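Protein chains in written order, with numbering that gives the first Met the number 0: chain A, 0 to 80; chain B, 0 to 156; chain C, 0 to 285; chain D, 0 to 769.
Simulated from the structure, these hints should not be mistaken for lab results.
One thing to keep in mind: the hints can contain errors.
20 Å max Cα-Cα, derived SDA-like pairs, lysine to any residue [to be verified]:
hint	chain 1	residue 1	chain 2	residue 2
1	D	K433	A	E18
2	D	K433	A	V4
3	D	K164	D	E151
4	D	K688	C	T259
5	D	K22	D	G595
6	C	K256	D	D158
7	C	K83	C	Q280
8	D	K688	C	D254
9	D	K433	A	P67
10	D	K433	A	D39
11	D	K433	A	R31
12	D	K636	C	V261
13	D	K164	D	R140
14	C	K256	D	L747
15	D	K636	C	T259
16	C	K50	C	P171
17	D	K433	A	I40
18	C	K50	B	G82
Now the stretches of chain A that chain D is said to cover, found in silico as 3 or more residues with beta-carbon under 8 Å [said to hold, decoys possible]:
hint	region
19	5-17
20	38-52
21	55-61
22	64-76
None of these values were measured; they are calculated from a predicted model.
Ideal Cβ placement from N, Cα and C applies to all residues, glycine included.
What follows is each chain in one-letter form.
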Amino acid sequence: MARIVLTGNLRLYTEGVTELELESGSIRSLLRELRRRYPDIPEDIEDELAISIDGVLHQDDWFAKIEPDSEVHLLPRIAGG
Amino acid sequence: MTREHITTTINGDPVEFLCDAEQTLLDVLRDELRLTGSKEGCASGDCGACSVTLDGRLVCACLVLAAEVEGHEVTTIEGMAVGDQLHPLQQKFLDHAALQCGVCTPGFLVAAKALLDRNSNPTETEVRFWLAGNLCRCTGYDKIVRAVLDTAAEMRG
Amino acid sequence: MRYEVPETKGEAVSLLAMAEGGGRVLAGGTDLLVQLRSGMVKPDVVVDIKKIVETREITAENGGFRVGAAVTGAELDEHKALKKLWPGVVEAVELIGSTQIQGRASMGGNLCNASPAADTVPALIAAGAQCHIAGPDGERTLPVEEFCTGPGVTNLQTGEFLVSFTLPSRPPHSGDAYLRFIPRTEMDIAVVGVGVSLSLDSNGICVAARVGLGAVAATALLVAEAADALIGTSVDEGAIENMISAIRSACRPIDDKRGTIVYRTQVSGVLAGRACRIALQRAEQS
Amino acid sequence: MAAVEKIFNDTITDRETQDKTLKWVGTRAPRPDGVDKVTGRAKFGADTYLPNMLYGKVLRSPHAHARIRSIDMSRALALPGVKAGVTRDDFPDYPAGAVQPAGEMVINYRDMTRNIMAREKALYEGHAVAAVAAVNERVARQALSLIEVDYEVLPHVIDVEEAMKPGAPLVREDLITEGVEPAPEEPSNIAKRVEFGHGDLDLGFSKADVIIERSFKTQPVHQGYIEPHACLASFSEDGQAELWCSTQGHYVARGHCAKLLQMDVSKLRVTCSEIGGGFGGKTVVYLEPLALALSRKACQPVKMVMTRDEVFRASGPTSGASMDVRIGATKDGRITAGEAVLKFQAGAFGGSPVPAAAQCAFAPYDLDNVKTIGFDVLCNRPKVAAYRAPGAPLGEYAVESVVDELAKTLEIDPLEFRLKNAAKEGSDSSYGPKFGPIGCVETLETAQNHDHYLSTLKPGQGRGVASGYWFNIGGQTSATLNLCEDGSVALVVGTPDIGGSRASLTMMAAESLGVELDKVRPLIGDTSALGYNMLTGGSRVTFAGGIAVHGAAGDMIKQLRERAAATWDVPIEDVEWHGGQAVAVNGYKDQEDPMGLLDIAKDMAKSGGPIVGRCSTNAQGAGPSFGCHIVDVDVDKETGKVSVARYTVIQDAGKAVHPSYVEGQYQGGAVQGIGWALNEEYIYDENGKVENAGFLDYRVPVCSDVPMIDTVIVEVPNPTHPYGVRGVGETPLVPPLAAISNAVENALDIRFTELPMSPPRVLAAIESVG
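Use the sequences and the hints to build the structure in full.
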């Protein structure tokens with residue numbers, strides 16, 4: 000089971016849950032599973048997210064692999080100058 | 000409105016143009032003559048991006064009325080290279096990576112040339128104060144100053 | 000707007016008189032063009048005085064110099080003799096803007112723009128410079144300290160324009176200096192400016208002094224009390240301290256984007272002291 | 000097989016072998032656009048002209064906050080020479096939820112349509128209210144004076160803490176704070192609250208021997224690019240449009256403009272001019288949609304250029320901030336807890352960089368207990384735009400100031416103190432994820448051993464150090480390599496080149512192809528030339544662009560091998576690409592003469608037609624970047640003037656593709672930081688109007704203000720990039736504010752908690768301590 004950590008304001012949609020374990024092979028399946036568990040999560044939330052898999056940052060990357068032992072962080076999308 | 004008919008010399012060539020009395024030399028260089036190497040960064044003499052020489056004196060083209068150049072000699076960045084030969088300053092700016100975005104570069108080159116024409120062996124401090132009227136937001140000035148000092152050294156032989 | 004280039008004082012005067020206040024004089028243009036672009040001024044006619052010989056010359060005159068109102072900072076800087084006689088004045092001109100500005104800006108324009116923060120004015124006041132003005136009723140002469148009557152306002156009447164300055168001769172053992180404070184090293188308007196000119200006798204006693212103070216009141220000031228604090232002394236640190244307090248009590252500054260009342264008052268004293276020491280050293284060496 | 004070819008299998012295991020075999024990457028090669036830029040030939044935003052072109056001008060609000068009762072354009076439009084005018088009625092409104100990803104951020108088009116042209120209210124001085132196009136600038140200016148706007152002036156608010164107070168004038172009457180549970184019932188100027196961190200603060204602080212808590216305030220600053228915003232739009236009668244503009248992202252500009260003009264994206268072709276600086280400020284649109292709307296009405300090309308005054312009043316500055324920081328540490332110098340509350344001005348619409356600031360503030364440290372809270376607050380200023388490592392310089396200023404004070408209190412060398420707590424590979428970052436390979440420790444150790452840090456100060460001088468962090472990003476990027484019939488190669492990329500990226504991308508292309516650098520000529524394609532490209536920002540171009548050109552090279556090499564194999568009539572697996580040549584291997588070794596680009600190109604038509612290498616990707620895995628700055632200052636104790644005597648920037652680049660331009664980024668960032676720390680600030684009058692909208696009184700550093708800026712490029716490779724690149728553009732602006740403040744403290748023994756440290760502020764502090 001991959002360890003999923005929700006940062007920023009995501010806890011507001013997950014009844015305060017900021018950490019959970021999920022079986023999910025990719026960012027896309029992870030997002031689907033999260034929205035299934037927590038319907039309050041807005042549909043377009045992913046447009047506002049950056050997702051770190053084992054320390055590597057992904058933005059808009061549905062099919063990035065999540066290994067069973069991966070550590071995944073959901074962060075606000077990052078914009079630079 | 001009546002327009003002024005001006006006869007002048009730009010980069011060694013005889014040039015005639017018509018202008019309104021309130022048009023600046025920069026307006027005319029860019030909008031009438033399409034010599035767009037001189038840039039407008041502020042139109043108030045604070046950034047030096049429009050640096051040209053007027054009878055050999057370094058000035059901001061945005062602070063000269065176009066009508067004032069009647070009978071005078073103007074040189075711009077477009078007059079700096081001779082044929083396919085870059086001026087040593089132009090080459091050193093490239094060698095030293097003394098530009099990033101490059102919009103301030105023409106003004107710096109014209110200003111630096113005016114310095115070296117007067118002082119073949121400037122100190123770093125002299126270079127920095129001479130160029131204080133040319134703003135660069137990209138480079139932090141370091142490589143620009145090095146390029147000018149290196150050019151001076153090379154030109155002294 | 001019309002652009003005119005008269006070749007004589009007479010033509011210039013009649014052009015300006017005809018414009019009935021709708022005329023502006025153009026010398027270096029480093030202030031005028033900015034005001035034109037911003038719409039701050041909308042003249043009917045701009046009178047370029049640079050073809051009038053007297054405005055462009057530097058001539059020796061009974062031990063001093065006559066300096067045309069449109070002579071540029073760069074030209075003044077290249078005039079060895081003038082620089083030797085009045086180094087403080089030339090330094091003040093050199094402080095105006097960048098190299099590019101120096102190629103155009105003039106003492107005349109700096110004075111006529113009537114900014115309380117103009118760099119040359121305190122130095123010219125300290126030097127006891129005189130303004131030569133041409134107008135419909137002929138020429139007149141005016142001390143620099145009386146030329147500006149308020150921010151942006153001068154003593155010039157309709158049809159008049161500034162032709163030249165006289166920088167007087169000076170006795171041996173005289174020196175002057177000008178210092179200004181700006182936040183950067185270049186390109187700023189003075190937050191405070193102080194010009195000091197003094198003469199010593201053979202025993203090193205100060206026999207004459209003038210102190211000009213800028214950017215701390217509606218116009219640049221001639222501070223007699225500051226001069227009095229020096230005259231009759233050997234310009235020792237005690238005298239300089241007295242001069243400094245005279246300067247600070249003469250300050251009537253405002254709070255604005257360039258400085259606070261407190262800051263301007265404090266720093267005016269600091270610069271006055273520093274300028275005085277430079278002037279003293281120059282007097283001793285001349 | 001040499002490391003460079005190995006790269007194509009994307010298994011970079013041996014960086015050292017790779018570095019030894021690199022021919023172009025890491026050299027100081029000539030810059031492809033260099034000659035155009037030193038001769039004045041390069042065309043920037045305002046340098047393009049078209050026949051029959053009109054000049055557009057914008058009428059801007061003279062009020063910081065005012066309801067717009069009516070706008071009467073009739074007299075302006077009646078003026079001879081005026082060809083078109085636009086107001087709020089010419090742009091679509093969008094509902095509050097109209098958000099969609101565009102460029103780096105989710106863009107809220109309800110806000111953007113209001114930012115480019117005021118609707119119900121003018122929300123800041125300089126807010127666009129109407130625009131006209133006329134035969135020349137003079138007529139256009141005259142027309143503006145004939146537009147009649149009926150304003151109801153409203154109370155305004157600028158300062159972030161004022162704006163947060165109950166009863167403050169509301170910039171948006173129906174704004175309910177996001178990120179607070181339960182949602183507030185009353186509207187306020189607080190658009191959003193964000194929170195990051197981990198561990199237990201109370202526990203952490205209970206373990207601390209020393210706890211230091213300070214509050215900081217900074218004034219808003221502007222990116223200060225030298226080239227004002229400029230564009231030229233040409234709409235034709237059939238609804239097709241072209242746009243030339245100075246932008247950090249022409250694909251992004253295309254998306255915004257199409258949305259704001261309600262047209263098909265495909266019908267708008269955008270060409271980026273050379274860009275005269277951006278630093279984040281040219282990632283959004285201001286004039287572009289207005290010029291297009293005017294051109295659509297007039298059916299003539301319309302050129303618009305901002306004055307410097309407009310740039311300062313109306314284009315994206317960055318936030319001023321109020322920040323509270325509390326850090327605890329043990330006697331032996333281990334940080335036990337860190338807490339920060341950051342309040343940022345967003346300007347007229349939500350979207351300040353406070354989330355990134357909150358994430359980066361403690362990033363240089365490996366902390367068990369850390370929490371940062373951010374508030375995004377509306378005020379009557381232009382909506383802030385990105386500025387180099389958006390937000391990070393502010394948060395880092397506050398945290399690194401307190402860290403410095405802790406080190407001093409504990410009598411530990413400030414670099415030693417940072418090293419004791421430094422983030423390293425495997426550390427939990429303050430914002431969540433574990434760090435992979437990073438160079439934080441390496442930059443600190445390099446600083447410790449640097450001649451600058453070991454040198455003794457002159458009397459009266461002070462020395463300061465500070466660390467800084469930025470994420471860096473990747474994103475959508477496309478590149479094409481076209482093999483020309485003579486064997487030379489045309490490289491097409493879609494990211495505007497602000498600081499030399501044509502050089503770095505060409506070097507990587509030549510490296511990957513194994514050909515001579517001068518055989519590859521780069522071009523920045525317009526929006527019809529390539530697939531989508533995200534903008535030039537986030538320090539992404541050399542990183543993501545490098546992945547794209549490397550991928551395109553791989554695609555081209557595959558085709559080159561195929562052609563060689565077919566020509567030789569050998570199996571493709573028996574042809575490899577070495578040193579820019581197709582070589583027969585295995586059983587066919589030495590049986591065929593190797594074929595280079597020219598050999599294959601000249602018979603390209605016969606062997607199957609044009610050879611085009613393509614790569615379109617969404618680059619992931621940008622490498623986090625750390626820097627450490629050392630600065631010495633002199634302070635004139637009688638005038639309060641601070642001057643920088645010596646400055647050294649040390650930063651991890653991952654891999655410096657073109658070291659000269661990496662150094663240039665370091666030096667430029669440091670000097671922008673010097674300006675931010677010492678003199679730059681927006682000054683507002685009591686009516687909320689900007690008093691210093693020009694380079695005379697908005698004081699960016701000039702050449703004589705600064706010394707040479709020494710640089711050290713640390714290289715801890717980014718494993719996700721074929722050449723190890725991290726991206727270097729933004730991190731250099733993160734440490735300077737704190738480093739300089741720490742140096743002033745060291746010189747005066749006075750801790751400043753407010754920026755800029757301008758002479759009046761410094762002198763007042765000196766006098767107050769006597």
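ask   = Looking at the structure, which of the earlier hints fail to hold?
value = Structure breaks hints 3, 10, 11, 13, 14, 16, 17 and 18.
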